[in-house]
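Based on these hints, arrange chain B on the given structure of chain A.
Line by line, the protein sequences give chains A and B.
Counted from 1, the first sequence has number 406 at position 406 by my numbering; the numbering is strictly sequential.
Counted from 1, the second sequence has number 526 at position 62 by my numbering; the numbering is strictly sequential.
If you are wondering where the hints come from, they were derived from the structure by calculation, not from laboratory data.
Treat the numbers as computed from the prediction; the structure is a model and nothing was measured.
Among the hints, a few may not be true.
Stated by the list, open to error - Taking lysine-lysine pairs in the DSSO-like style, the calculated list, with each CA pair at most 27 Å apart, reads:
{"#": "1", "chain 1": "A", "residue 1": "Lys-137", "chain 2": "A", "residue 2": "Lys-45"}
{"#": "2", "chain 1": "A", "residue 1": "Lys-367", "chain 2": "A", "residue 2": "Lys-196"}
{"#": "3", "chain 1": "A", "residue 1": "Lys-100", "chain 2": "B", "residue 2": "Lys-724"}
{"#": "4", "chain 1": "B", "residue 1": "Lys-724", "chain 2": "A", "residue 2": "Lys-27"}
{"#": "5", "chain 1": "A", "residue 1": "Lys-196", "chain 2": "A", "residue 2": "Lys-100"}
{"#": "6", "chain 1": "A", "residue 1": "Lys-137", "chain 2": "A", "residue 2": "Lys-100"}
{"#": "7", "chain 1": "A", "residue 1": "Lys-367", "chain 2": "A", "residue 2": "Lys-399"}
{"#": "8", "chain 1": "A", "residue 1": "Lys-27", "chain 2": "A", "residue 2": "Lys-200"}
{"#": "9", "chain 1": "A", "residue 1": "Lys-45", "chain 2": "B", "residue 2": "Lys-724"}
As the list claims (entries may be wrong) - Label-pair distances were calculated between CB atoms; the ranges are:
{"#": "10", "chain 1": "B", "residue 1": "Asn-649", "chain 2": "A", "residue 2": "Glu-60", "range": "52 to 58 Å"}
{"#": "11", "chain 1": "B", "residue 1": "Leu-510", "chain 2": "A", "residue 2": "Thr-49", "range": "51 to 57 Å"}
{"#": "12", "chain 1": "A", "residue 1": "Tyr-26", "chain 2": "B", "residue 2": "Asn-649", "range": "35 to 41 Å"}
{"#": "13", "chain 1": "B", "residue 1": "Trp-706", "chain 2": "A", "residue 2": "Gly-149", "range": "50 to 56 Å"}
{"#": "14", "chain 1": "A", "residue 1": "Asp-14", "chain 2": "B", "residue 2": "Tyr-476", "range": "48 to 54 Å"}
{"#": "15", "chain 1": "A", "residue 1": "Gln-154", "chain 2": "B", "residue 2": "Ala-506", "range": "28 to 34 Å"}
{"#": "16", "chain 1": "B", "residue 1": "Phe-636", "chain 2": "A", "residue 2": "Asp-355", "range": "56 to 62 Å"}
{"#": "17", "chain 1": "A", "residue 1": "Gln-154", "chain 2": "B", "residue 2": "Thr-552", "range": "27 to 33 Å"}
Glycine included, every Cβ here is placed at the ideal spot set by N, Cα and C.
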Amino acid sequence: MLENSVSKQQVAGDVVISVSNVSKTYKLYPSHQDRLKEALHPFRKRYHTEFSALHDVSFEIRKGESVGILGRNGAGKSTLLQLIAGVISPTRGSVSVNGKVAALLELGAGFNPDLTGRENVILAGTIGGASDEEVMKRVRVIEEFADIGIFFDQPMKVYSSGMYARVAFANAIHVDPDVIIVDEILGVGDAKFQEKCHRKLDELRSRNVAILFVSHSVNTILAVCERCILLDKGEANLIGSAVEVVNAYHGLLYGRPSAELGKGRRPSADGPGTLGFASGPAATTSPIVEWLLNDTTLVDRISTRISYNKDHFRTGSGQARILDYIVVVGEETDARVIRRDADIEIYLKVKFTEDVPEPVVGLAITKIDGIHVYGTNSRLMSLDLMPGRAGQFAVYRFKFSNELVGGDYFMNFGVSTVGGNGETILLDNLRSVAHLVFEHTREATGMINLHSALEQVTLVPTMR
Amino acid sequence: MNSAINFLVGLYRGRRTIRALARRDVLSRYSGTVFRGAWELANPALTLLVFWFVFSVAFKAKGPAGTPFILYFVTGYLPWLFFSESLTRGTQGVVAHSFLVKKMVFASELLPFVYLTASAINHGLLLLLAGIILLFNGVAITWYWLQLPYFFITLCAVLIGLQWLLSALNVFNRDLGQGVGIVLNVWFWITPIVWVADGVVPPEYQWLIHVNPVAYVIEGYRGSLLYEQPFWINGWQSLYVWSLALAMALLGGSVFRRLKQHFGDVL
Numbered sequence: 001m002l003e004n005s006v007s008k009q010q011v012a013g014d015v016v017i018s019v020s021n022v023s024k025t026y027k028l029y030p031s032h033q034d035r036l037k038e039a040l041h042p043f044r045k046r047y048h049t050e051f052s053a054l055h056d057v058s059f060e061i062r063k064g065e066s067v068g069i070l071g072r073n074g075a076g077k078s079t080l081l082q083l084i085a086g087v088i089s090p091t092r093g094s095v096s097v098n099g100k101v102a103a104l105l106e107l108g109a110g111f112n113p114d115l116t117g118r119e120n121v122i123l124a125g126t127i128g129g130a131s132d133e134e135v136m137k138r139v140r141v142i143e144e145f146a147d148i149g150i151f152f153d154q155p156m157k158v159y160s161s162g163m164y165a166r167v168a169f170a171n172a173i174h175v176d177p178d179v180i181i182v183d184e185i186l187g188v189g190d191a192k193f194q195e196k197c198h199r200k201l202d203e204l205r206s207r208n209v210a211i212l213f214v215s216h217s218v219n220t221i222l223a224v225c226e227r228c229i230l231l232d233k234g235e236a237n238l239i240g241s242a243v244e245v246v247n248a249y250h251g252l253l254y255g256r257p258s259a260e261l262g263k264g265r266r267p268s269a270d271g272p273g274t275l276g277f278a279s280g281p282a283a284t285t286s287p288i289v290e291w292l293l294n295d296t297t298l299v300d301r302i303s304t305r306i307s308y309n310k311d312h313f314r315t316g317s318g319q320a321r322i323l324d325y326i327v328v329v330g331e332e333t334d335a336r337v338i339r340r341d342a343d344i345e346i347y348l349k350v351k352f353t354e355d356v357p358e359p360v361v362g363l364a365i366t367k368i369d370g371i372h373v374y375g376t377n378s379r380l381m382s383l384d385l386m387p388g389r390a391g392q393f394a395v396y397r398f399k400f401s402n403e404l405v406g407g408d409y410f411m412n413f414g415v416s417t418v419g420g421n422g423e424t425i426l427l428d429n430l431r432s433v434a435h436l437v438f439e440h441t442r443e444a445t446g447m448i449n450l451h452s453a454l455e456q457v458t459l460v461p462t463m464r
Numbered sequence: 465m466n467s468a469i470n471f472l473v474g475l476y477r478g479r480r481t482i483r484a485l486a487r488r489d490v491l492s493r494y495s496g497t498v499f500r501g502a503w504e505l506a507n508p509a510l511t512l513l514v515f516w517f518v519f520s521v522a523f524k525a526k527g528p529a530g531t532p533f534i535l536y537f538v539t540g541y542l543p544w545l546f547f548s549e550s551l552t553r554g555t556q557g558v559v560a561h562s563f564l565v566k567k568m569v570f571a572s573e574l575l576p577f578v579y580l581t582a583s584a585i586n587h588g589l590l591l592l593l594a595g596i597i598l599l600f601n602g603v604a605i606t607w608y609w610l611q612l613p614y615f616f617i618t619l620c621a622v623l624i625g626l627q628w629l630l631s632a633l634n635v636f637n638r639d640l641g642q643g644v645g646i647v648l649n650v651w652f653w654i655t656p657i658v659w660v661a662d663g664v665v666p667p668e669y670q671w672l673i674h675v676n677p678v679a680y681v682i683e684g685y686r687g688s689l690l691y692e693q694p695f696w697i698n699g700w701q702s703l704y705v706w707s708l709a710l711a712m713a714l715l716g717g718s719v720f721r722r723l724k725q726h727f728g729d730v731l
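This is chain A alone, in the form it adopts within the complex (with noise of 0.2 Å):
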């Protein structure tokens, strides 16, 4: 009765969390009074109706793993990190844990409003089952993490959402947990002490703390996880690296069935701001554009590009289909190292398979582990370009100098439309599509070069 059947099952070898067929399902009723006849019915009659938060999930987690949940709101991430945690019991299937868990699962967890803050860190230290002398120990080094000042001596149901959030991770973190669970949680916090957090988790990590996060912020889950689990409507659709995940949780987010293209505002008509260069005769007679005009084939070229990247991750309605794209660095065409202040074109080649009255086209630079350092549209660029119908296809370029500091990045490039509401419909999205290398800039670090420009001004004598 008292061990938690859930959590404390033994998991052979480094899993600490294993994950088996796991459902749940909420019995949802119209009224209390609904669940108390239930309960007392004579005839056993049922007056609720069941809701599947989560179906048939599986995943393991070992030691020293940080692995992210995404997934739109509602997809059950809260209700797996619950079952997780230990909190509900799964309907179907096992969850085990092998270790301590601390879970931050929402702010107001596991504390009680009406004590302070050191209270309650001294309580949940007592009831976790620490000695009288480690809690107090503990305290003194919760109180420097959370750094509240004299908050930390007040109710906490006058703290505001950081200063909670700031004292949860701080007792959840030093508690020695196998586990740690996070739920969006630091996300209310300042980006100082968020910056502290995940130096933190990572010290966690290695020692060999698994941590399980649970964020909408991609950067954050990019920059923390390794592994990503992507929740939909109460499945996982898809368990593998963070990046891959990312990029399918965009798709889920973004694309959208065909069936609610065509119902957007009314075709522009052609006039002034249209491009000249869109699929009528070339603005430019370079070479190459007259190659891709002249091949009519209609066919995907995109994978005989030097610069391509065959892990690339492809989403959209298809409407529209990127066929071909070719980066030009001066002489070079197809090229895939750029030099350093260079001036680059890229050309993309689209075909439409159906009338889109408003595209919009758009090309994102992002590095290596999916942080995105630039993106760019026709739309952000008040362009409105020309109305693709079905069977045409159109080419565009893009121009821009080369300011990035040398390394690895990766090209998505993207053809949209705006819906109804004036939500960003993806017709076709190429992420990570092409891997460029940028020539090394001895001078910088980071991921734009700035051009900073250094001279010493004076030197002083020290004062005696």
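Same frame as chain A, now just chain B:
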């Protein structure tokens, strides 16, 4: 049997938790507002005073064998107060600790022990007060006073199962708390606290007293403090009360265990 041993081991492991939560409970009752600590003792003291005035001064009531009413009443009222307070607060236990039950792995089955520990401290303070009243009225301290822990533990044993049962059901239907209040009110008057069992209750209703475990404990307190009765004097009734406590613990424990997994969903 195995699970019973596991359970006792778990209780032992949870002793720090029980202590911490009980300490927290007592502190929150005796601190905070300036007068709160005083109120905790003033309230029962005032009740004693009112009953003493009504029954002793107005009705000229006497305890058996000419015992002053106040002595008869205080020795019955204090264990009753412990019983009703533990049961009322214990029923709300799981709901009151929802901040722990909802989002954490928390051994909520420890909660009855938390309330028993916290109420025991109150009870101890009031017993000191009662001891002073007894000594002022010329009652001598005897070895029989050492029997009090036995009767106190008996009362706790009865309460544990009841608290498990009621606190678990209360999660699903919060009206239960109100119901417990009403039942306790009736229970107070059918228990020989302000009235004397012998000679007052018609023989056909005597069973009401015999089946009442609280009556057994109250008579035990009185026998120990006032009448120098050894605790084994009611052998069969002792056996009955302990069997009842065990049965309640089994019933309450199994209901609690079954409903516990739903707490997180319902709270």
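- State the violated hints by number, sorted upward, taking the hints as numbered earlier in the document. 1, 8 and 14
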